[in-house]
Every structure is written in C-alpha cells, then in structure tokens.
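2 protein chains.
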Amino acid sequence: MADLKEMRFTLSLLVKNHSGVLQRVVGLFSRRGYNIDSLSVGRTNDDGVSRITIVILGDTSIVKQIKNQVEKLVDVIRVSIITAENGIQSELILIKLSTENGNRTNVIELSELFKAKVVDVTHTTITLQLTGSNNKIQSFLDLATPFGIVELTRTGITAIGRGEKSLKDTPYEQL
Amino acid sequence: MADLKEMRFTLSLLVKNHSGVLQRVVGLFSRRGYNIDSLSVGRTNDDGVSRITIVILGDTSIVKQIKNQVEKLVDVIRVSIITAENGIQSELILIKLSTENGNRTNVIELSELFKAKVVDVTHTTITLQLTGSNNKIQSFLDLATPFGIVELTRTGITAIGRGEKSLKDTPYEQL
Chain A
1 MADLKEMRFT
11 LSLLVKNHSG
21 VLQRVVGLFS
31 RRGYNIDSLS
41 VGRTNDDGVS
51 RITIVILGDT
61 SIVKQIKNQV
71 EKLVDVIRVS
81 IITAENGIQS
91 ELILIKLSTE
101 NGNRTNVIEL
111 SELFKAKVVD
121 VTHTTITLQL
131 TGSNNKIQSF
141 LDLATPFGIV
151 ELTRTGITAI
161 GRGEKSLKDT
171 PYEQL
Chain B
1 MADLKEMRFT
11 LSLLVKNHSG
21 VLQRVVGLFS
31 RRGYNIDSLS
41 VGRTNDDGVS
51 RITIVILGDT
61 SIVKQIKNQV
71 EKLVDVIRVS
81 IITAENGIQS
91 ELILIKLSTE
101 NGNRTNVIEL
111 SELFKAKVVD
121 VTHTTITLQL
131 TGSNNKIQSF
141 LDLATPFGIV
151 ELTRTGITAI
161 GRGEKSLKDT
171 PYEQL
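Order-wise, the sequence lines are chains A and B. Under the numbering used here, the first residue of the first sequence is numbered 1, with each subsequent residue one higher. Under the numbering used here, the first residue of the second sequence is numbered 1, with each subsequent residue one higher.
No lab work stands behind these hints: they were computed from the structure. Just to be clear, a hint being listed does not mean it is correct.
Since the list can't tell identical chains apart, any single copy or any two copies may satisfy a pair.
[To be verified] The calculated lysine-lysine pairs, modelled on DSSO-like cross-linking and capped at a C-alpha distance of 27 Å, are:
1) K64 - K117
2) K115 - K64
3) K115 - K165
4) K136 - K16
5) K115 - K72
6) K136 - K117
Let the sequences and hints guide you as you build the complete structure.
Below, the structure is given as structure tokens:
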C-alpha cells in the first residue's frame, strides 16, 4: 500500500457524534483518491464528540489541501496535523506467530526485546500484543516475518499533542 | 453514545485494499442507523488486504443481521463476530490528565496500578498511554476523571481469534 517516496502524515479530527460524519470524512478521502494508511475512531471524554485519527501517505502540499477540505465538512469541529515533534503517536498490534520448527524460544526472545505481551499460546502459535510507533512496529514485523505470521491486526495510529493544551482549545502547530 | 441496555459486539472484517471499500462499509452502518462505538482499520501482512474492526452497540439479532449485510459488500473477504470467549480484544488510549491541585503523586500512583506508561509531562499535566479491554479502560477513566481529563484519544478495539487458526482460513465460531 505504501509508496516509499511518499511520507506518512497524521491528521487528528474532533467531530460531532452525529450519524454520517464518519461517512462524510471517509467519503472525501475516497472520492479524491487519497491513500489512507490507517484510520481509527473512538469516543472522547465529551459524550457529544468523537476523535478520528487518519494516517495518510502523501507530500506536504497534499496534506495541507486535505486538511482544508476536511475542515469544511459538516460536524467536523477541528483538524490538526500531528507530527513527531508536536505529538505522540502510537498504535497497538495483535499478531499470531508460528512456533513450528522449534521457533518458540526465538519468538519469546523477540517478544521480550520489544516488550510485547503474550496474550495466547497454542502448540503451534504464540499471539502477542505490541504497542509503539509505526517505526517500532515495522522493525518488529521485519524480524518476526521469518517465523511465519499466521495473522495480525492493528488498530492504526492514534495521536495526541505534547504539552498541556488540548486539541479542542488550541490546535497544534501546523505544517 | 452508549445505551446501557445494549451490548457491545465486535466485528472483524478482512477486506481487499481497493479504493472505496471503507466507504462502503461505513456507509452501510450510516444508512441503516447502526451505532458504531469504535472503528479501526489498518494493513495486514498481506499487501492486498486490510483488516477492519468495528464495535457496535446492539442486540444479538441486530449483529447477525449486520454481519450478513456486510458480507455481501463488494471487496469484503470475510466477516466474523469476535467475543470474549473466542478472541482477544484490546485497545490503546492516550490520555492527558491535569496535575494541578497537587494531583501529580495520585496520578502517578493510578498509572502504576494500571501499568500505564508516562509519555509526556508538563508543569500542569501528565500524558499516559494505556492498553487493555474496554472494561479495563473504562475502570481507569472512572478513576481518572476526578483529576481532570484535559483530552484523550483512543484507537478503538482491535481483535484477534484465540487458537492457531487465522480469520482468513477459518472464520471464528459464530454467535
């Protein structure tokens, strides 16, 4: 899915909990052909507000353009671009690795190196939970692939600004 | 967003990485008025396949109906209902808590009890990363609310089946 020449950008959106807002946001990306790398949406501490985090592949000008378009959508309260400098980004992955061919010790060793948590074990597999940045997850996947990945699922990135402000009160520094 | 009389159900979808598939899935939920509690989508180890996890509020008959409808959508490969018995469910939350009013020690104590990770600190806030089931996150939020939640963002649940099979090869046990 990723083109190596493109960069990853993270957009954080506060939206009203009205029916159809997620569809409008996703529809915009789909219509314009923007490449969504991951998307996650969940509730916030304000019952009327959800927060959507979208990671897209593109260059700076495309991302600014997307931000402007998303801001104009109905029920979108605020949009900010979160970078490695102005925010913390993290995701969670659940991954089932094969332990056939005497791999179990090596899989456990790898899981310890990455502070992964063992969440399920069978005679032929170990399932791990791992959290971290996109880069950390990618390094883990590179090292885990030779063991045999039975399946994996990832939440996609979620992101929060550094410092004491909230997205609601003060948008993070822009690109 | 949640009606206490309703239950949470988790749907796991394998979809082809074609433009518009996420829009079709979200559109179905929006048109029918189904209540999405959280949604996350990310890549898998197969470049052509993404995995979507959707948590919905409803009763068993509604969930079965939704599953049948989602299965019929173009580019949807497989749909399964993941429960506490047949799978592992987890999400990641980033939360910025106020440490004004001498709260810092109490916030740190709470973070240790929940094995949360401190990811940012200012004079007036601490930002934590926490992972776990919906119930664990909710317990944490209940205890953290009195300190003052400046902002929070959550990935939404992602889920994987227990045992050695993958969703691709064998759908998990159904309701």
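Each hint tested on the structure:
no.: 1; hint: K64 - K117; verdict: neither (38 Å within a copy, 32 Å between copies)
no.: 2; hint: K115 - K64; verdict: neither (36 Å within a copy, 37 Å between copies)
no.: 3; hint: K115 - K165; verdict: between (30 Å within a copy, 24 Å between copies)
no.: 4; hint: K136 - K16; verdict: between (32 Å within a copy, 25 Å between copies)
no.: 5; hint: K115 - K72; verdict: neither (41 Å within a copy, 40 Å between copies)
no.: 6; hint: K136 - K117; verdict: both (15 Å within a copy, 16 Å between copies)
Hints 1, 2, 5 from the earlier list are contradicted by this structure; the remaining hints agree with it.
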